[in-house]
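Novice: Here are the chains, one letter per residue:
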Amino acid sequence: MSAAVALQTVSDVPTAGEESYFTVFAGGEAFGLSVLHTQTIFRITSVTPIPLGPIDIVGLVNLRGKIVTAVSLRRRLGIPVDEVQNSLAIGIEHKGENFALIVDEVGDVLTLDASMKVQIPAHFDPARSRFMAGLYKVGNLLIPALNIGALFDFSN
Amino acid sequence: MDELLRDFLTETTEHIEGAETQLVHFERNPSDASLITSIFRLVHTIKGTSSFLGLERLERVGHAAESVMGMLRDGVPPTQHSVTIILAAIDRIKTIIEEIGAHGSEPPGDDSAIIDALEAYYAAGSEAATAAAAAEASSNKAAAPAASPEPAAPVVEAAPVAAAVEQVKPAEPKVEAPAARAEAPKAEAAASQSKEGRSQGGSTANQESIRVSVDTIERMMQLVSELVLSRNQLLELARHREDDAIKTPLQHLSTLTSDLQDAVMRARMQPVGRLYANLPRLVRELSTSLGKSIDLVTEGADTELDRQLIEVIRDPLTHLIRNCADHGIERPEERLAKGKPERGEIRVSAAHEAGQITIDIADDGKGLDTERIKKKILSQGMATEQELHAMSNEEIYRFIFEPGFSTAQVVSNVSGRGVGMDVVRSNIEAIGGSVTLSSNEGKGSRFSLRIPLTLAIAPALIIEVAGQRFALPQTSVVEAVSLGKNYKDLIQNVQNALVLKLREEVIPAVELREVVGLGNNDANEESEKLAVVMRVGTDSFCIIVDGVADIQEIVVKPLSASLAHLKVFSGHTILGDGSVVLILDPAGIGANLGIEKSTEKKREQARDQNAQERRRLVMFRAGPGAPKVLPLSLVSRIEMVETNRIESSDGRLMVLLQGRLMPIVPISSHIDMSRPSYPVLVVATENRSIGLMADEIVDILEDKLEIQLASANSELVGSAEIRGEAVELIDVSHFIRMADSPGRTNPVPQRVLFAADDQLVRDMLCPALSAASYNLVATSIPADISELVNQFASFDAIILDADAPALSAPGFLRALKERKDPARTPIIGVSRTPTNRTSRIATENGMLALLSKHDRHALLETLAYALDAAADAKATSMEIAA
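If you read the sequences in order, they're chains A and B. Residue numbering for the first sequence follows my numbering, beginning at 188 and increasing consecutively. Residue numbering for the second sequence follows my numbering, beginning at 6 and increasing consecutively.
Simulated from the structure, these hints should not be mistaken for laboratory data. Built from N, CA and C at the ideal position, the CB exists for glycine as well. Some clues are possibly wrong.
For the chain B half of the interface with chain A, some residues (derived, Cβ under 7 Å), not all of them [as the list claims (entries may be wrong)]: (1) M226; (2) Q227; (3) L228; (4) V521; (5) L523; (6) P563; (7) S565; (8) L568; (9) V585; (10) A798.
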């Protein structure tokens, strides 16, 4: 909660062409998640699985009286999941729906701008690259920015 | 969407609902200028704002309506016509606004019909005003010449203008029945004014208010629910501790939370008055179409109800009011004869009673005819005589809500087809309410709706299966059967499917764990399983669960879009302990089981059986001979049409019904236009309706319909026997064709008889006639000429070989001349060499013409002309009879 408030101030002052991103981790890899999408960061205490639902949807979570759909970033990317209980989730509202994106860890806030963007290499697995909004070069690291639209699209 | 546009939409939508009501009140109380002034102001604002926002359609309709309303505001008395066109304009404004709301821009469309009607009325009015002003100026020279038709003229001065407008009748279409205008004499208007004044008091109550979006309220509701849960957890903790220090503040917190919950719930409420807004107009329209005088009294407009429920009740309420107006209230003359006031009254009152809302719809009409209902129950086989005997009146009235029950002797367009009352009941029951009916014969009847205060909270069973909990709405649960040790007896596996044998019934069953894909773990078969029997529509089935954990009031929330495809669940909710559970959807589970399909099959079977067994038929008389029947399913309604409203145009009869021209086809040609009215069976075809004119409706009955004698006559399908009486089944398609074309370009080939002995002539002319798509019957001339003449009646036209000796014999010509042929079948003679003399003889003896055998074109032309003329003659002969 407090993290979300602190970050709000960061997102309030984006300079032209720049955007602030959280670094989130899943299976040891870092991803960028735009702070503009982020509402809150919280720990999941209990989750209600949805039988027959999409496998990547872990279940439903009560987030302060609001029911949110919990999606595992690991499952989305095809990384095995151990335990959902007590894991870290980021509250995101997308197309009027409330989601919680379950990640392993949340790291620093990065400021990325268009000049750091590089082409997504063609040989990336489409199952992964479809969740990427772009690939950024930060120092000697390559960090993919997450595509929220694709992450929370279960129409297939 | 633009902020400005959004504000405009919200505001206009809110005000326009009131405008309709005010307009209808104004029609009744023309003296209350404040009513029209406020509508005028509203439309003026709409016009102004839409011009500013560039909404052209709204602006134009608004402008035209404003002109007419300006006339009314300036004292021109409202007529039914003027109010109707303004209502139409308001309707159009509403539609456009809805469209803008949905799409953000004005939809394309043509409003010229409405605008023309308004402008025509306005033009007629202002012309009259000018005329009146001029007349006044000339007759009273002392008067200021400035008595202009300026709409700003004060009311007193406008009086002659009003009179003049009334004279300018041609501007008003004929729809305006004289009876309707006579309907609102001043005294009655004054009497009803007080009543309506009362009902108005509630809706116009001007309380201080602010506009809050529904989302905000919903969010508050969620937070309060959450707060209640937290409080419950705290209370639970406090119970186990002997700490008095926190007990008092906790108690205080608890009361405050409850109060807050109450207050937020109240914020969701809306006054029932919103439901009342459309009623005056509905009653006005019903009074006009039924020819009854009905006053509407509404009470308790400020009673509050959850906004969701208001929408659910709207349709049932409308239906019940229609029912009161149609079946309850008697015609004015009937009322006077019974010593009742001429105007009937429908009273709608709402009140808050013991945590429920009751809405009563009462009329002071004739009440229910218990004997007739009993008869109907018996004839429908819904109960036996003994059973009826033991029933109270209230119990008997309950049958009225059964599907397929209608006691209306004549089906009318307003109600009475036996659909509706059962729908009313199921709609009300779906929201956990109930509907009852009481009646006092001769004094009136009363429907009472009892409705829960809110939909948001519903009782649900919390069931458990494979360690997971689910909520099951209690409304569809019939019973829960403990299986326990009797599992094997009660549940059987038949053909790889489970069934529950309960009492005498066999109910389809399924393991819920299989439905939700939680594996079929048979290890805990020993545990106390339960079978929960549910009913969806008319079907029962049961789910087998591990147990029922609880019964809780749940706040239903719909599934989010990414889960909406899961048909087995209808939503989710947060339970008292803060955990989230999914809500099972009984209909979805049923569909999963294939119940839906089997229902359809059942219905199909029922339908097939119906075809062989019983059908609802309308029996009527049309012309001499056996009574005719038509399956009721083909008839969309039955109207009594006044003969003077039937007009003839282009050889067809038609009547203006609800603003549309409907062709009328007489079933029998024996029509007496001096009768005041005829029952007309309205049959809907693919794109329109046609009216079949009968002499009298005999009955509506249910019986087998087995055609025993097929008919050669195209008007009839055949004859059947019903209740020991021969009846004829009408062929609707024949009459639909007749409505499409009463003679010319008839898709049915016309039958032409060609009688000639000369084979060469027949060979020569027959192909030409057949090619012109006549249904040709060629015959040689029989020895007995009268045999030939007798055949004439079954043809549309006759062609005779005038050269044949038998046909030029004086005996034949006399027979021709003296034959009785009401249809006046045209007869055309053909001859090798027609002369003036032979032509004259032919025409003198009843032939239409004598033509050359070699002139095929002349023959075809004459034949076409003759058939057209005959069709026209048929149509005009009916007019002459009038």
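Novice: Does each hint fit the structure? Answer for all of them.
Specialist: Hints versus structure:
1. M226: 9 Å, violated
2. Q227: With a closest approach of 5 Å, the B:Q227 hint holds.
3. L228: Cβ of B:L228 sits 6 Å from chain A, so the hint holds.
4. V521: 4 Å, holds
5. L523: Cβ of B:L523 sits 6 Å from chain A, so the hint holds.
6. P563: 10 Å, violated
7. S565: Since chain A brings a Cβ to about 5 Å from B:S565, closer than 7 Å, the hint holds.
8. L568: Holds, about 6 Å.
9. V585: Result: holds, 4 Å to nearest chain A Cβ.
10. A798: Violated: closest Cβ of chain A sits about 70 Å from B:A798, beyond 7 Å.
Comparing the model with each numbered hint stated earlier shows that hints 1, 6 and 10 do not hold.
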